[in-house]
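Residues per chain are reported as follows:
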Amino acid sequence: MGQMLYDVVAPEERDTVYWAYSHEELILAGILLFVLIVAGILIAVLVKVIKNGECKKEEPEADAYAAAADDQIKPKE
Amino acid sequence: MYKNLKNAWIYFFIHMLVEIVCFAALTTTYDLGVMQAAVIGLLYDVLAFCPQFLFGMLHERYKKLDMGSIGTVLMLLGLIILDYGKYGIRSILGITLIALGNAVIHVCGAVSTVSTGGGKLFPSALFVGGGSFGVIIGQTLGSSGMSKWFLIIPVVLIEVLILVTNKEWLSGEIKYPRYSITDKSVSVAVIVAVAFLVTMTRSYLGYAIPISWKKELWQAFLLFFAMGIGKAAGGWLADRIGALKTALITIIGSVPFLIFGEDIMVVSITGVFLFSMTMSLTFGMLLSVMNDNPGLAFGVTTTALAFGVIPKFFVNFDKIINIIIIVVGSLICAVLMYKTLRKKEEKSDGADAV
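Protein sequences appear in the order of chains A and B. Counted from 1, the first sequence has number 72 at position 68 by this note's numbering; the numbering is strictly sequential. Counted from 1, the second sequence has number 75 at position 69 by this note's numbering; the numbering is strictly sequential.
To be clear, the hints were calculated from the coordinates, so they are not data collected in a lab. Positions of the beta carbon are idealized from the N, C-alpha and C atoms, including for glycine. Certain hints may be false.
Here chain B is said to cover these stretches of chain A; the calculated rule only asks that three of the stretch's residues, wherever they fall, bring their Cβ under 8 Å from a Cβ of chain B [to be verified]:
no.	region
1	27-35
2	41-51
Below are the BS3-like pairs computed for lysine-lysine, each with C-alpha atoms no more than 30 Å apart in a straight line [to be verified]:
no.	chain 1	residue 1	chain 2	residue 2
3	A	Lys52	B	Lys349
4	A	Lys55	B	Lys69
5	B	Lys350	A	Lys55
With the hints as extra help, turn the sequences into a complete structure.
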C-alpha cells in the first residue's frame with residue numbers, strides 16, 4: 005500500500021510527505037512498533053511477577069517471626 | 007545424575023525439525039533484495055522470539071493444553087499459505103504463521119524439558135542445542151531449490167514426536183522442579199535484569215564475531231554444529247562444576263578464540279563452542295527466581311535474544327569496532343554473572359522438586 009501511495013504522489017512531494025516511504029519501510033516501522041508494545045507488556049508482566057517473587061522470598065522470615073511470637077504467647081508448662 | 011533424558015532428546019529433534027522448516031522457508035527469500043529480505047527476516051525474528059513469554063504464560067495457566075500440536079498446526083497453515091521463494095502478502099502471512107508456530111513449540115519444549123528435567127540444566131540445554139543443527143540444514147535445503155511441499159514431512163514428524171512426548175509429561179501431573187543457581191542475597195529484579203541484559207548482549211555479540219574462513223558448506227555445518235553442541239555442553243558443565251565457574255570459564259575463555267580466530271577455523275570454532283555454552287545459564291538464572299513460571303522465564307530469554315538481534319538489521323560496524331564490542335561486552339557479562347550467580351555450590355537435583 006505504501007508503494008501504491010508513493011506512485012500516485014508527485015515526485016517533488018515525495019520527500020516531504022509521510023508516504024514517501026516504501027512498502028517495506030512501513031512494514032519495518034510496524035514491526036518496531038510491535039516490538040515496543042511487546043516490551044511494554046513484558047515489563048508490566050515482570051514487575052507483577054517480581055513483586056510476587058519478592059513477597060514469596062519474605063514469607064519464610066515472616067513465618068519464623070510469627071512462630072517466635074506464638075512461642076512467647078504460649079503459657080509455660 | 008539425569009533420571010530421564012528421553013524427553014529432552016525428543017525435543018532436541020523437534021527443535022531441529024522446527025528450524026529446518028523455518029530456515030528452509032526463510033532462505034528462499036534471501037535473494038529477493040536487501041529490503042525485502044530484511045522485512046521477512048526481521049518479521050520472523052520478532053514474531054518467533056518476542057511473544058514467547060505470552061505463550062509461556064498461557065502454558066502455565068492451562069497446563070494440560072497441547073501447545074505443541076497448536077504450534078504444529080500453525081506451522082502447517084503457514085507452509086500452505088507461503089508463496090515459497092517469492093515476496094508478497096502470502097509470504098508475509100505464511101512466515102508470520104510459521105514464526106508463531108515456532109514460538110509456541112519452543113515454549114512447549116522449554117516447559118516440557120524443565121518439568122521432566124529434575125532441576126538440572128542439561129535437559130533444557132539439549133533441547134535448545136537442537137536448533138543450531140536445524141538452522142544450517144534448513145538453510146541448505148532452502149537454497150537447494152526443492153519444493154515447499156517437502157517441508158510437510160518434517161512438520162508431520164514434529165507432530166508425531168510431540169504426541170510421543172505428551173505421553174511422557176502432559177498426561178501426568180506437571181510439577182516444576184526448583185533451581186537455585188543465583189545468589190539469594192541479590193534481589194529478584196536485579197537477577198531478571200542481569201539475565202535479560204546478558205542474553206541480549208550475547209545475542210548481539212554473536213553477530214559481531216569476525217569469521218572469514220567460512221567459505222565451504224561443510225565449514226558452515228561445522229560452525230553451526232559447534233554452536234549446537236556448545237549450547238548443550240553448557241548445561242551439562244553447569245550441572246557438574248556449577249553455573250558460576252561455567253559462566254566465567256566460557257565467557258572469558260571464548261574472547262581470545264573469537265578475536266584471533268577470524269582466519270583460523272579451529273580457533274574460531276573453539277571460541278564459538280565456548281561462547282554458546284552460556285546460553286542455558288541465563289535461563290537457569292530466571293528459573294531460579296521464577297520457579298513457578300518456566301514458560302515466562304524462557305520467554306524472557308527469547309525476547310532478550312530478539313532485542314539483541316534487531317540492531318544487526320540497522321547498523322553494521324567494522325572489524326575493529328566489533329572486536330572492541332566483543333571484549334567489552336564479554337567483560338560486562340562476566341562481571342554481571344559473577345555478581346549474581348551463587349558462589350557456593352550446592353546440590354540442586356530432583357530431590358527438592360515440588
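Results for each hint:
Only residues whose beta carbon comes within less than 8 Å of a beta carbon in chain B count, and the region 27-35 of chain A has 5; three or more means the coverage holds. Figure legend: the region 41-51 of chain A, annotated as covered by chain B; annotation consistent (6 residues with Cβ-Cβ distances under 8 Å, at least 3 required). For the hint pairing Lys52/A with Lys349/B, the CA-to-CA distance comes to about 28 Å; that is within 30 Å, so the pair holds. With a CA separation close to 23 Å, the supplied pair Lys55/A and Lys69/B stays within the 30 Å bound.
For the suggested pair Lys350/B and Lys55/A, the alpha carbons sit about 26 Å apart, so the restraint of at most 30 Å is met.
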